[in-house]
Amino acid sequence: MSAAVSAERSGLFQALARVREVGLFAVLAALALATAAINPRFLGAQGVKDILEDVAVTALLCVGETIVLLMRQVDLSISSILGLTAYATGALFIAHPAMPVPLVMAIGAVGGAVLGALNGGLVAWGGVPSLVATLGTLYVFRGADFAWVKGAQINATSLPGHFLGLATAGVGPVPFLALIVVGLIALSGYALRHYPAGREYFALGSNEEAARLAGIDVRRRLLLGFICCGAIAGFAGVLFTARFGTVDATAGTGLELHVIAACVVGGVAITGGVGSVEGAAIGALLLATISNALVSLRVPAFWEQTIEGAMLLAAISLDLVIARHTLALMRSGRRHG
Amino acid sequence: MTDGTPILATVGVSKSFGGAVALRDVSLALHGGEAHALLGENGAGKSTLVRILAGVIEPDSGHILLNGRPQIFRNPAEARDAGVAVIYQEPTLFPDLSIAENVLIGRQPRRRWGRIDHRRSTAMVAALFAGLGVALDPARPVRGLSIAGQQLVEIAKALSYEARVLIMDEPTAALTGEETARLFAVVRRLLGQGVAILFITHRLEEAFAECQRLTVLRDGAPVDSGPIAGYTPSQVVRLMVGRALETLYPPRRSERGAPALVVRGLSAAGVYAGIDFDLHRGEIVALAGLVGAGRSEVLRGIFGIDQREGGTVHAFGREIPPGDPRAAMRMGLALVPEDRRQQGLVLDLSIIRNATLAVLRKLCRGPFSSPAKERAITAEWASRLKLKFRRLSDAVATLSGGNQQKVVLSKWLATGPRILLIDEPTRGIDVGAKAELHHLIAGLARQDLAVLMVSSELPEVLGMADRILVMREGRIVGEMGGALASEESVMALATGQEGALGPACDPA
Ligand SMILES: Nc1ncnc2c1ncn2[C@@H]1O[C@H](COP(=O)(O)OP(=O)(O)OP(=O)(O)O)[C@@H](O)[C@H]1O
Ligand SMILES: [Mg+2]
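Chains as they are written, first to last, in this note's numbering: chain L, 1402 to 1738; chain H, 29 to 536.
Keep in mind the hints are simulated off the structure, nothing from the lab.
Beta carbons are placed, not taken as given, at the ideal position from N, Cα and C, and that holds for glycine.
Please note that the accuracy of each hint is not assured.
To be verified - Chain H is nowhere near these chain L residues, computed Cβ spacing over 12 Å in every case:
| # | residue |
| --- | --- |
| 1 | 1423 |
| 2 | 1429 |
| 3 | 1445 |
| 4 | 1498 |
| 5 | 1523 |
| 6 | 1573 |
| 7 | 1577 |
| 8 | 1581 |
| 9 | 1596 |
| 10 | 1597 |
| 11 | 1598 |
| 12 | 1607 |
| 13 | 1609 |
| 14 | 1619 |
| 15 | 1701 |
To be verified - Selected chain H positions facing chain L (Cβ under 8 Å, derived; list incomplete):
| # | residue |
| --- | --- |
| 16 | 84 |
| 17 | 85 |
| 18 | 100 |
| 19 | 103 |
| 20 | 104 |
| 21 | 113 |
| 22 | 116 |
| 23 | 120 |
| 24 | 121 |
| 25 | 122 |
| 26 | 123 |
| 27 | 124 |
| 28 | 129 |
| 29 | 134 |
| 30 | 136 |
| 31 | 148 |
Stated by the list, open to error - Computed list of chain L residues with no C-beta within reach of chain H, every gap over 10 Å:
| # | residue |
| --- | --- |
| 32 | 1583 |
| 33 | 1614 |
| 34 | 1617 |
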């Protein structure tokens, strides 16, 4: 095969991998413009800021969940991890109001990592299917949260102003919160694509047996994946408190399914091996935009869940169609076997 | 060559799987510069020995010597780092990663800050492929590659380790003559560089042509070993199966019945076009050609697994709707696929479940299945095909590769087809079972079954087929009577060197 043909075909396959992100962006843009046509305030500075504030925490959680989904596992416990570190953040600031924000963030991430390690240990060494293991820890962590918090609540008034500023202040309409999240998404997306460790998550989810034969330490990789996911969820808990100010023992309840939905809408395959954190984040952005668009169009709130569900089904059907077509394309495009 | 310490050796290695002995006291030495053939029937324990040498499983007793020193490989990475490269019987690739990543996983070239240099990896793999004469795009994902394509990727991967020991478990099973020849050219070069090679195959002629030494396994125990020059093929067969074997192909039938399958103008963009032929009752027609000529695709198109874009297919006078395998099955067609792992078998299900998957409806009484009937049918085919198993309720994953292939065959033969489409039917099947299978198929053809067969093994094509259709680049380029064709005439048509044609050919 000549180099020219080879180069052209490589471009094709790389383009195919990007189709999903571009398509999602198109849907997103169309939706935003259509809504703005009816209600111009939707794309005003405040409107954009609202959406970004809403989506930041979810999009961040999507990063961790994507890593786990890539390995063909799932982590349901992220919302409970977030709940714990969200409350811990408030409690820390009440006890030590002068505490530097980065230190609190680090504490959140480390705490989350420890809880993630528990998940990873159960899956990698205990051999418990991740669906069951993390369903268990979802309740255990939440239970611990209730036992600790009891009926208490943390209010914005007891948190330092510069901490709350993470969500309220920013560059133009973009809050600092969103900037941090975008930075983390870009960083982790790059790492997943360009570092051997990142590629191992894809390999593991693509064919675990082959991963083992290729000399990948499957257990270690699983453990690290869950630790990353936990750390990110823990960090997200800190941002959650900055965003909402009010935290009680139920903080973040139910977020895990919303996050998984966003990942799937964003093109992360539930069957492992396929997807990107950028795609997942766009998925989250799309869902958040829809929910804000519905509000600004004064559509009753109960429609939101129906639409989220429909988006999910549409995304999965689209995946099947794309998968079938690429497969046909590859079969017909091949010369040698 | 055999003096001096072997690079890799096993000493008295035994292994059983839950009571079933797979290996019994096997000692085997691999010397540098020597190709060692490991031969034996399906289920003899060859792949199990490979997995022990590769550090995938640990032996129950006995040990491995590396350069004469005892060595324990706790996992495949340790074996690889010690210089042992392995091509496993079943491809072990990552469908979602690119070919380049599959070949280089774990040792990609790096850029600054430890990043993977994707461009350089693609170039490295392209260079490897060029040396092997493989025309695959290293940047494409592995998903969608045929078995032969996957096998070529595996070969490139194993060669790229530049290992001192190369273990190949049936690397040629899915390849045609051309690719096989290229592989052997590389193998000879490696032997010259002092690499030790362990080579497993069911094609004895390959072993005799390429190897200097052989070991025969029977039921897990080594029955003989020595320089290959001291053996004849029939001796080896006798050692493998424990008795002399009739390797003659079944006699051909002269008369043929009414048309069973009529294919007109079949086409699928970019894959094949203008496919016209008739298949008669009681006739065996072979589609010959190089890998990638579109043979398997034609079968899939007829059966309706892939959509076809033009043309018609009639079975017994009625049109088979495109893209509807269920309708094809109702009309008496069966397709034994090429890729048993992805298309033929559910590995975690039992032998019975797999063997009766395609006939479940027929066996059911109302909504209930009938376990007794399922067992009876499975047992019957198991004995006709000489399946080697422990219990019919065992998962198919625990069978040896050749025995998995037999389960695929029984699954489709149990449907009692009137037209059998069969893709590489004897891939990975040992000589004894292969002869049985040939007789079985010929016998079914005598009872009016129409057979359309794709096979990369020319002797099989020449021995079995009443007629041979040769395909090249998606078209039928010639047809010849099975009795008149020769390997040379078929290859000449398949590769397009028509100057070499003999009188037997009848280019269409
Ligand atoms: N994981 C397993 N569990 C149970 N039995 C097994 C397992 N792996 C292999 N066996 C059994 O061990 C025996 C040897 O199998 P092996 O795969 O080594 O055969 P082989 O010589 O490679 O045959 P083939 O030519 O068909 O590939 C077979 O009877 C097989 O059923
Ligand atoms: Mg084997």
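Could you let me know if the closest chain H CB is still more than 12 Å away from the CB of residue 1597 (chain L)?
Nearest chain H Cβ is 6 Å from residue 1597 (chain L), so the label is violated.
Agreement of hint residue 121 (chain H) with chain L interface, Cβ distance less than 8 Å
holds (6 Å)
Just to be careful: measuring from the Cβ of residue 124 (chain H) to every Cβ in chain L, is the smallest value less than 8 Å?
holds (4 Å)
Is residue 1445 (chain L) truly not at the interface, in the sense that its beta carbon sits beyond 12 Å from all beta carbons of chain H?
Answer for residue 1445 (chain L): holds, closest chain H Cβ roughly 41 Å.
Status of the residue 122 (chain H) interface restraint (C-beta, 8 Å, chain L):
holds (4 Å)
Checking the smallest CB distance to chain H, is residue 1596 (chain L) really beyond 12 Å?
violated (6 Å)
Do the numbers back the hint for residue 148 (chain H), that is, is its least Cβ distance to chain L under 8 Å?
violated (13 Å)
Can you verify the interface hint for residue 120 (chain H): is its Cβ closer than 8 Å to any Cβ in chain L?
holds (4 Å)
Non-interface label on residue 1581 (chain L), tested against every C-beta of chain H at 12 Å:
holds (22 Å)
Could you check if residue 85 (chain H) really has its C-beta closer than 8 Å to a C-beta on chain L?
Where the cut-off is 8 Å and the nearest Cβ of chain L is about 11 Å from residue 85 (chain H), the hint is violated.
Proposed interface contact between residue 123 (chain H) and chain L, which counts if any beta carbon pair is under 8 Å:
holds (6 Å)
Just double-check residue 1619 (chain L) for me: nearest Cβ-Cβ distance to chain H has to come out over 12 Å.
About 10 Å separates residue 1619 (chain L) from the closest Cβ of chain H, which leaves it inside 12 Å; violated.
The structure fails to meet hints 9, 10, 11, 12, 13, 14, 17, 18, 21, 31, 33 and 34 from the earlier list, while all remaining hints are met.
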